[in-house]
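2 protein chains.
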Amino acid sequence: MCNECSEMNERIDRLKGKLIVSCQALPHEPLHSSFIMGRMALAAAEGGAYGIRANTKEDILEIRSQVDLPIIGIVKRGYEKSNVYITPTMREVEELAEAGPEIIAADATGAVRPGGVALSEFFCQVKKKYPRQLLMADCSTVEEALYADRLGFDFIGTTMVGYTPQSRGDRIEGNDFEIIKRILDKAKHRVIAEGNIDTPEKAVRVLELGVFSVVVGSIITRPQIITRRFTDAIEGIELENFNIKQG
Amino acid sequence: MCNECSEMNERIDRLKGKLIVSCQALPHEPLHSSFIMGRMALAAAEGGAYGIRANTKEDILEIRSQVDLPIIGIVKRGYEKSNVYITPTMREVEELAEAGPEIIAADATGAVRPGGVALSEFFCQVKKKYPRQLLMADCSTVEEALYADRLGFDFIGTTMVGYTPQSRGDRIEGNDFEIIKRILDKAKHRVIAEGNIDTPEKAVRVLELGVFSVVVGSIITRPQIITRRFTDAIEGIELENFNIKQG
Numbered sequence: 022m023c024n025e026c027s028e029m030n031e032r033i034d035r036l037k038g039k040l041i042v043s044c045q046a047l048p049h050e051p052l053h054s055s056f057i058m059g060r061m062a063l064a065a066a067e068g069g070a071y072g073i074r075a076n077t078k079e080d081i082l083e084i085r086s087q088v089d090l091p092i093i094g095i096v097k098r099g100y101e102k103s104n105v106y107i108t109p110t111m112r113e114v115e116e117l118a119e120a121g122p123e124i125i126a127a128d129a130t131g132a133v134r135p136g137g138v139a140l141s142e143f144f145c146q147v148k149k150k151y152p153r154q155l156l157m158a159d160c161s162t163v164e165e166a167l168y169a170d171r172l173g174f175d176f177i178g179t180t181m182v183g184y185t186p187q188s189r190g191d192r193i194e195g196n197d198f199e200i201i202k203r204i205l206d207k208a209k210h211r212v213i214a215e216g217n218i219d220t221p222e223k224a225v226r227v228l229e230l231g232v233f234s235v236v237v238g239s240i241i242t243r244p245q246i247i248t249r250r251f252t253d254a255i256e257g258i259e260l261e262n263f264n265i266k267q268g
Numbered sequence: 022m023c024n025e026c027s028e029m030n031e032r033i034d035r036l037k038g039k040l041i042v043s044c045q046a047l048p049h050e051p052l053h054s055s056f057i058m059g060r061m062a063l064a065a066a067e068g069g070a071y072g073i074r075a076n077t078k079e080d081i082l083e084i085r086s087q088v089d090l091p092i093i094g095i096v097k098r099g100y101e102k103s104n105v106y107i108t109p110t111m112r113e114v115e116e117l118a119e120a121g122p123e124i125i126a127a128d129a130t131g132a133v134r135p136g137g138v139a140l141s142e143f144f145c146q147v148k149k150k151y152p153r154q155l156l157m158a159d160c161s162t163v164e165e166a167l168y169a170d171r172l173g174f175d176f177i178g179t180t181m182v183g184y185t186p187q188s189r190g191d192r193i194e195g196n197d198f199e200i201i202k203r204i205l206d207k208a209k210h211r212v213i214a215e216g217n218i219d220t221p222e223k224a225v226r227v228l229e230l231g232v233f234s235v236v237v238g239s240i241i242t243r244p245q246i247i248t249r250r251f252t253d254a255i256e257g258i259e260l261e262n263f264n265i266k267q268g
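Line by line, the protein sequences are chains A and B.
Following my numbering, the numbering of the first sequence begins with 22 at its first residue and continues without gaps.
Following my numbering, the numbering of the second sequence begins with 22 at its first residue and continues without gaps.
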């Protein structure tokens with residue numbers, strides 16, 4: 022193994038049993054800004070995160086300027102006639118390659134990619150052009166995870182569980198994380214838990230079950246979502262029951 | 022009552038039974054930036070917050086440009102020979118007045134202010150120069166709260182509970198929020214719960230008990246603190262117990 026690969030392996034090994042924080046804000050979100058995402062990543066690092074997941078080349082470059090942590094990079098982009106929006110085509114892979122994230126993640130749900138490209142074909146295109154690039158598969162079912170594992174993805178993620186028609190109603194934490202257990206039981210590659218991990222207890226549990234690393238996002242880096250947890254709870258109680266002092 | 026006062030009252034009344042989000046990042050914090058705090062406030066508004074608490078004139082002006090919500094303004098500044106750092110002197114009040122927050126909050130813990138000024142003297146100075154300015158007292162004990170209430174503060178806050186020598190070890194949620202119950206029992210002015218309200222359940226409970234409004238901060242707007250909740254939990258488990266797939 023060359024020095025470069027050996028150093029990369031060391032960087033990745035440090036993620037073992039640790040937290041990765043997803044720092045993303047899409048154009049319609051209040052924190053949309055590469056500057057803010059860089060500072061978010063800095064906050065995550067200060068809080069003890071070992072890795073960052075980020076969207077777009079611009080955000081990744083800014084995050085690189087703020088923290089020295091391994092990055093899982095994606096580009097979210099919508100195309101007509103395809104439901105795949107996480108790194109759907111080679112165009113997004115090439116953009117990411119310019120920023121050089123340690124891992125590139127892509128949709129691996131089996132939905133048809135833009136241009137009618139199958140997942141296996143996309144995987145081969147990426148590996149041909151970037152043979153050393155580590156790849157993570159964002160899957161929504163056990164079957165998809167095991168297919169991505171057979172294709173040779175380096176990391177198998179549960180990112181899309183509950184977000185595809187074939188996984189509708191599935192919850193990552195259902196039946197004590199049964200989906201993750203079933204993937205761990207059969208997959209040869211490292212499994213990364215991602216999606217709806219919104220409490221420290223859930224993060225601990227998936228690590229206990231044997232995932233390599235756990236990604237936590239919105240509950241840390243989307244203040245509008247966290248605020249909503251509070252306001253939903255407050256709206257849920259009847260104001261008439263309050264005995265508010267009017268001063 | 023003049024139209025201006027009537028409109029102000031209406032703005033303030035809207036806070037009744039609602040969530041105020043504190044958007045602060047001090048100079049040593051990763052999100053320190055008025056730009057970011059403005060976007061944070063926007064996120065809080067999107068998440069259903071009815072008010073914002075903010076630090077410094079600069080942050081308040083930026084937040085005003087992003088959201089139309091009532092603001093509780095403070096200036097945190099340290100002085101020699103005084104432990105008071107939340108709006109300690111008239112200098113900070115004058116700075117805040119330039120930004121015009123609906124409410125100005127200040128330390129009301131009874132600690133000696135810079136220059137040996139007592140709380141009652143400070144209160145009179147502010148009311149003399151800004152007779153219509155609504156004021157919130159940041160207190161650490163029931164006694165302080167009731168003293169501030171007698172002085173005439175418009176809002177009585179529990180911000181400092183646990184953060185002064187005389188409240189060391191006290192927790193706002195202790196004995197089902199006993200401190201808040203005791204303040205509510207005697208105070209004539211509106212009570213605002215603030216400090217360590219870090220779950221939706223706690224926010225709901227203090228509203229049920231009868232506080233006018235509840236301020237939530239770090240668990241929404243300090244990602245380094247939220248990240249630490251996860252990493253502390255993860256560090257707390259023995260890695261040897263994991264059965265991590267190495268791929």
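Hint data in this document are derived by calculation from the structure and do not stem from the laboratory.
By construction, the Cβ of each residue, glycine as well, lies at the ideal position given by its N, Cα and C atoms.
Check each hint, because a few of them may be wrong.
[Unchecked claim] The list that follows gives simulated cross-link-like pairs (lysine to any residue, SDA-like), each with its CA atoms no further than 20 Å apart: (1) A/K223 - B/E50; (2) A/K223 - B/T220; (3) B/K223 - A/E256; (4) A/K223 - B/E67; (5) B/K202 - A/K37; (6) A/K37 - B/P221; (7) B/K223 - A/K37.
[Claimed, not checked] According to the in silico footprint, chain B covers these stretches of chain A (three or more CB under 8 Å from chain B): (8) 125 to 138; (9) 178 to 188.
Against the structure, the hints come out as follows:
no.: 1; hint: A/K223 - B/E50; result: 27 Å, violated
no.: 2; hint: A/K223 - B/T220; result: 16 Å, holds
no.: 3; hint: B/K223 - A/E256; result: 14 Å, holds
no.: 4; hint: A/K223 - B/E67; result: 26 Å, violated
no.: 5; hint: B/K202 - A/K37; result: 46 Å, violated
no.: 6; hint: A/K37 - B/P221; result: 32 Å, violated
no.: 7; hint: B/K223 - A/K37; result: 34 Å, violated
no.: 8; hint: 125 to 138; result: violated (count 0)
no.: 9; hint: 178 to 188; result: violated (count 0)
Hints 1, 4, 5, 6, 7, 8, 9 from the earlier list are contradicted by this structure; the remaining hints agree with it.
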